[in-house]
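What follows is each chain in one-letter form.
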Amino acid sequence: MPCLTIDRVYDYLDGALSPVEREDVERHLAGCASCRKCLEIRREIAGAASVLPDMPVPDDFAAGIMAKVAEMPAYGQKKAVRTLAWAAGVFAFLASAFGVYAFWTGQGALVLLQKWGGGFVTYLQAAAGVAAKGMKLLILGAKIIVDVSSQALATLQSVASMISPEGRAIVAGGTLVILFTGGVFLRRRNAASEKSHEEE
Amino acid sequence: MTEDTRSSGSDDVKLVRRALRGDRGAFETIVRKYQQSMLNYVSRMVREREMALDVSQEVFLRAYASLPSFRPEYKFSTWLFRIASNYLIDHWRKKKIAVVSLDQPVDDEDDGCLIQVADERASVIRDFERKELGAKLEAAMDRLPAHLRELFVWRHVNGMSYEEMAEIKKLPVGTVKNRVFQAKEMMRALLEEASCPV
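Chains as they are written, first to last, in this note's numbering: chain S, 1 to 200; chain P, 1 to 198.
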């Protein structure tokens with residue numbers, strides 16, 4: 001094998017060679033003092049560079065940065081400021097549009113405001129009336145459900161109290177048997193009906 | 001990269017999200033996590049301690065201002081060091097300091113650009129204790145062109161992978177690797193030159 005190229009030496013030091021290539025390089029190194037020396041020099045430089053001392057960080061370094069960061073708006077605030085700016089922009093646009101409309105139609109701004117404002121109040125009143133009626137209906141519905149449920153529960157309890165524990169077990173067992181048998185019957189009927197459909 | 005910077009990127013993403021919700025403490029955690037690796041890099045690029053501190057501070061402030069543009073699919077450290085690298089380019093451009101630009105193109109296809117210094121020259125490395133070698137390394141690093149010094153520092157001081165460096169500089173991995181080789185060979189030549197005055 002010819003002597004190692006510099007790239008090969010660095011790839012070897014970086015661990016970037018395949019196991020086969022690595023073996024080849026090591027076999028060559030074992031018999032070539034010149035390449036061994038070349039490798040050692042580079043290994044030593046890389047090793048020394050990796051243990052160069054850290055630059056001391058002043059104790060107040062992070063605090064100094066954070067003091068400057070504090071002068072900038074925090075991101076949450078930035079969002080709020082943006083939202084406010086948008087709202088102000090929309091308001092300004094609407095106000096300008098209103099002014100233009102008032103000027104164009106020759107009506108006084110106050111008259112227009114009274115007309116539109118009155119209409120808006122009437123609309124609000126109607127909407128509130130509908131919402132109140134809807135709430136009343138909801139409350140009534142909930143009351144009916146609660147009453148019916150409690151009545152059904154009381155009836156079940158009184159019926160259960162009339163039956164002995166053995167009787168309750170028999171009723172429960174019987175119910176299960178009826179449900180199971182009914183389920184099986186329905187399944188078979190469905191299967192038979194599907195089969196007849198397929199035959200048709 | 002230091003031990004801290006090697007820790008999971010998901011923590012960084014969480015910290016960035018918290019900072020974006022207005023939690024400045026989360027950003028302070030980020031600063032404390034990366035301040036050492038940032039100073040190690042910047043101090044070797046600008047050399048003057050005070051300037052290194054100012055530049056590093058400015059990099060963190062730029063990072064804070066640009067947090068909304070950080071995309072979580074990338075490593076935060078890569079994003080931060082890209083800001084630092086770009087900042088240094090701007091800094092030197094404005095100051096018009098006569099240094100080789102960090103983004104200076106080099107002919108990466110030309111293998112001949114590797115500095116060929118005879119390895120047969122007596123090995124000087126063995127003449128140095130490690131500490132002395134460290135001092136010589138720092139001095140030799142100063143003499144490297146900025147675009148090679150940056151990569152050498154990232155690779156050997158910050159412990160970055162070629163892939164990370166390629167992502168920061170937006171260059172192919174092969175190109176970055178070639179430049180790092182150049183930097184190392186130049187360093188070796190400079191060290192030999194320093195220890196064997198003719």
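Hints in this document: simulated from the structure, not taken from any laboratory. Just so it is clear, the structure is predicted and the values come from calculations on it, not from any experiment. Do not rely on the hints blindly, as some may be mistaken.
[To be verified] Quick look at which bits of chain P chain S covers, simulated, 3 or more residues with Cβ under 8 Å: (1) 30-39; (2) 48-62; (3) 76-83; (4) 149-157; (5) 163-176.
[As the list claims (entries may be wrong)] 25 Å max Cα-Cα, derived SDA-like pairs, lysine to any residue: (6) P:K169 / S:L52; (7) P:K75 / P:E138; (8) P:K14 / S:C32; (9) P:K169 / S:K68; (10) S:K68 / P:M51; (11) S:K143 / P:R32.
Where a beta carbon is used, it is the ideal one built from N, C-alpha and C, also for glycine.
Inset, instruction - For the pair supplied as a hint, K68 of chain S and M51 of chain P, confirm whether the alpha-carbon distance does not exceed 25 Å. - result: holds, 17 Å
Inset, instruction - For the pair we were handed, K169 of chain P and L52 of chain S, check the Cα-Cα distance against 25 Å. - result: holds, 24 Å
Legend entry - Pair hint K169 of chain P and K68 of chain S, alpha-carbon separation not exceeding 25 Å: Violated, because 28 Å separates the two Cα atoms, which is more than 25 Å.
Legend entry - Within 8 Å of chain S (C-beta), three or more residues of the stretch 149-157 of chain P: holds (count 3)
Legend entry - Verdict on chain S covering the stretch 163-176 of chain P, where coverage means 3 or more residues with a C-beta closer than 8 Å: violated (count 0)
Inset, instruction - With a cut-off of 25 Å on the C-alpha distance, tell me whether K14 of chain P and C32 of chain S pass. - result: violated, 53 Å
Inset, instruction - Tell me if chain S covers the stretch 30-39 of chain P under the three-residue, 8 Å CB rule, please? - result: This one holds; 5 residues, not fewer than the three required, reach chain S with a Cβ under 8 Å.
Inset, instruction - Closer than 8 Å, Cβ to Cβ, for at least three residues: run that test on the stretch 48-62 of chain P against chain S and report holds or violated. - result: Result for this restraint: holds, n = 7.
Inset, instruction - Take the C-alpha atoms of K75 of chain P and E138 of chain P, compute the straight-line distance between them, and say whether it is at most 25 Å. - result: The hint is violated at about 28 Å.
Legend entry - Proposed proximity, R32 of chain P with K143 of chain S (alpha carbon, max 25 Å): violated, 61 Å
Legend entry - Assertion that chain S covers the stretch 76-83 of chain P - criterion: three or more residues, beta-carbon distance below 8 Å: Since three or more residues must qualify, the claim that chain S covers the stretch 76-83 of chain P is violated, with 0 doing so at under 8 Å.
When held up to the earlier numbered hints, the structure conflicts with 3, 5, 7, 8, 9 and 11 and fits the remainder.
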